[in-house]
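Student: Sequence:
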Amino acid sequence: MCYKETNNISERYFWINERVTWSRAQNYCRVNYTDLVTIRNESENEVIKSKSQGTPFWIGLFNNPWKWSDGGNSTFRNWSVSNPDNYNHHEKCVEINYQGYRGNGGNRWNDADCNLQKSFFCNSSCGPSSQQYVPYKLTWSDAVNYCKVNCSSTLMTVENEAMSKNLSNCCPDSWIGLRHEYDNWNWSNSDPVTYTNWKRNFSCAVLQSDGSWNDSDCNALNPFLCYNETDNSSRSFVWINIRMTWSSAQNYCQVYYKDLASIRNENENNAAMEKTQNITSWIGLFNNPWKCSDRQVFTFQNWTLQQANIYQNSETCVKVTNNGDWKAIDCNTQEPFICSKTIMNATFISANSTWEEAMDYCRERNSDLISISSQVEQDAIAALVNTTNSPNVWLGLRQSRLFGFWFWIDEKPLSYENWVHGPPSQLPASSPCAAMSQQNNFSWINVSCSDTYSFICRYK
Numbered sequence: 001m002c003y004k005e006t007n008n009i010s011e012r013y014f015w016i017n018e019r020v021t022w023s024r025a026q027n028y029c030r031v032n033y034t035d036l037v038t039i040r041n042e043s044e045n046e047v048i049k050s051k052s053q054g055t056p057f058w059i060g061l062f063n064n065p066w067k068w069s070d071g072g073n074s075t076f077r078n079w080s081v082s083n084p085d086n087y088n089h090h091e092k093c094v095e096i097n098y099q100g101y102r103g104n105g106g107n108r109w110n111d112a113d114c115n116l117q118k119s120f121f122c123n124s125s126c127g128p129s130s131q132q133y134v135p136y137k138l139t140w141s142d143a144v145n146y147c148k149v150n151c152s153s154t155l156m157t158v159e160n161e162a163m164s165k166n167l168s169n170c171c172p173d174s175w176i177g178l179r180h181e182y183d184n185w186n187w188s189n190s191d192p193v194t195y196t197n198w199k200r201n202f203s204c205a206v207l208q209s210d211g212s213w214n215d216s217d218c219n220a221l222n223p224f225l226c227y228n229e230t231d232n233s234s235r236s237f238v239w240i241n242i243r244m245t246w247s248s249a250q251n252y253c254q255v256y257y258k259d260l261a262s263i264r265n266e267n268e269n270n271a272a273m274e275k276t277q278n279i280t281s282w283i284g285l286f287n288n289p290w291k292c293s294d295r296q297v298f299t300f301q302n303w304t305l306q307q308a309n310i311y312q313n314s315e316t317c318v319k320v321t322n323n324g325d326w327k328a329i330d331c332n333t334q335e336p337f338i339c340s341k342t343i344m345n346a347t348f349i350s351a352n353s354t355w356e357e358a359m360d361y362c363r364e365r366n367s368d369l370i371s372i373s374s375q376v377e378q379d380a381i382a383a384l385v386n387t388t389n390s391p392n393v394w395l396g397l398r399q400s401r402l403f404g405f406w407f408w409i410d411e412k413p414l415s416y417e418n419w420v421h422g423p424p425s426q427l428p429a430s431s432p433c434a435a436m437s438q439q440n441n442f443s444w445i446n447v448s449c450s451d452t453y454s455f456i457c458r459y460k
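Per full-length UniProt numbering, the sequence shown starts with residue 1, numbered consecutively.
Honestly, the hints are just simulated from the structure, not real lab data.
Cβ coordinates follow ideal geometry from the N, Cα and C atoms, glycine included.
Careful, some of the hints might be misleading.
Stated by the list, open to error - Pairs of lysine-lysine residues, derived as DSS-like cross-links and limited to a Cα-Cα distance of at most 30 angstroms, are as follows:
1) K51 with K148
2) K67 with K49
3) K92 with K148
4) K92 with K118
5) K327 with K92
To be verified - Restraint-style ranges between C-beta atoms, simulated for each label pair:
6) D173 with S43: 23 to 33 angstroms
7) T55 with N352: 29 to 39 angstroms
8) N41 with N270: 55 to 65 angstroms
9) G71 with N265: 22 to 32 angstroms
Can you make the complete structure from the sequences, with help from the hints?
Tutor: Written as structure tokens, this is what we have:
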């Protein structure tokens with residue numbers, strides 16, 4: 001995000017003293033503020049320190065190669081000694097621990113497992129600065145309304161070349177307040193147009209990365225700048241020929257693919273067997289009563305003689321033998337294993353879950369709740385849902401409680417919509433999560449996030 005600094009910088013940071021995973025912290029900030037905090041310099045680091053009360057907390061840096069949740073381009077880092085170290089290959093999110101970490105001194109950053117629970121800091125794009133970069137992609141008219149309603153401001157007015165160049169460095173391809181009406185160009189705050197920097201002409205203006213402006217269709221979706229007047233499902237298998245315990249194999253598959261292989265029929269069993277080169281390997285079935293690692297319904301089985309009834313009093317997992325039969329053995333035995341992945345990169349999960357539980361499930365498996373960007377995708381997902389008995393299926397679509405607009409949690413623009421009764425009100429509602437409704441011809445409905453439905457994950 002892009003700001004002009006003021007003495008009231010701390011007023012745009014909000015410490016949330018509730019311990020949650022990094023993904024849930026990101027979702028909370030996007031719904032209730034703007035995003036997880038981005039830190040651009042030592043001054044901001046110190047301001048946040050003063051508000052944190054000394055407890056460890058999440059910031060918006062993640063994923064190694066590191067990037068900020070809000071898309072900001074800050075290169076400032078404040079790592080503790082020997083960090084980031086990606087310990088055990090699971091540390092993809094960043095915490096700040098002002099009490100120190102592993103004896104390396106306080107006031108430093110550490111990479112950590114994203115599933116740990118910590119407090120966190122949110123950013124508000126409408127802080128007390130003279131300009132605010134808002135990363136949401138909206139139409140020009142919606143951007144004007146956003147600035148007016150949420151920031152008591154208007155879209156940015158650009159007065160000279162220096163200002164244009166400065167804005168382009170931080171906030172390229174963003175709406176500014178210039179629009180063509182009645183054969184004239186006008187600023188949205190009614191200022192006279194005394195300076196222009198056109199590349200070519202259309203109806204609404206965007207600022208480009210080289211500082212020049214481009215006119216754009218006003219219905220295009222872009223981030224934008226606000227201005228204050230004052231400073232105040234078909235599946236395939238991947239065989240991993242590394243001997244691991246069942247739990248380690250499960251974790252490996254969930255990180256790098258989808259999950260350990262769940263086998264639904266004899267054809268899939270034969271396909272899995274062909275991958276293993278006649279070497280016994282883990283599959284996703286575990287424990288008695290038997291269940292699948294990816295929560296799929298367990299119906300097909302192919303046990304060796306009497307194997308399904310042994311190990312009643314121990315933790316038991318399943319491997320497929322060199323002749324295709326299944327054998328139950330101790331889960332701590334080290335074996336090669338088989339991962340499953342989906343050719344279409346979208347998988348239906350039948351387990352009824354709340355919206356946040358569904359989000360957590362997908363993100364723990366290197367995926368996200370499904371987003372839909374076109375009629376083609378809508379039809380494909382509808383066809384997948386049509387093969388199930390689920391009346392409603394979660395989508396990765398949420399409403400901002402603070403600002404009222406809807407957004408995809410995987411950060412794709414909301415360029416396509418298919419609501420049952422047209423778009424919901426932009427006023428924050430008591431039903432701020434979206435689902436696909438099979439009984440409404442697969443159109444979308446807004447419902448309570450605490451309802452429990454099946455869901456679809458799209459793998460990255």
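Student: Should the hint that T55 and N352 are 29 to 39 angstroms apart at their CB atoms be regarded as holding?
Tutor: 34 angstroms Cβ-Cβ, so the 29 to 39 angstroms window holds.
Student: Given the hinted pair K92 and K148, is their Cα-Cα distance within 30 angstroms?
Tutor: Not OK: K92 and K148 at ~37 angstroms, beyond 30 angstroms, violated.
Student: With a cut-off of 30 angstroms on the C-alpha distance, tell me whether K67 and K49 pass.
Tutor: holds (21 angstroms)
Student: For the pair supplied as a hint, K51 and K148, confirm whether the alpha-carbon distance does not exceed 30 angstroms.
Tutor: Roughly 29 angstroms separates the two Cα atoms, so the pair holds.
Student: Is the distance from the Cβ of N41 to the Cβ of N270 consistent with 55 to 65 angstroms?
Tutor: holds (59 angstroms)
Student: Would the pair K92 and K118 pass a check requiring their Cα atoms to be no farther apart than 30 angstroms?
Tutor: holds (14 angstroms)
Student: CA of K327 to CA of K92, is that 30 angstroms or under?
Tutor: violated (36 angstroms)
Student: Is 23 to 33 angstroms respected by the C-beta to C-beta distance linking D173 and S43?
Tutor: holds (28 angstroms)
Student: Just to be sure I understand the hint, the distance between the Cβ atoms of G71 and N265 should be within 22 to 32 angstroms; is that true here?
Tutor: violated (44 angstroms)
The earlier numbered hints that this structure contradicts are 3, 5, 9.
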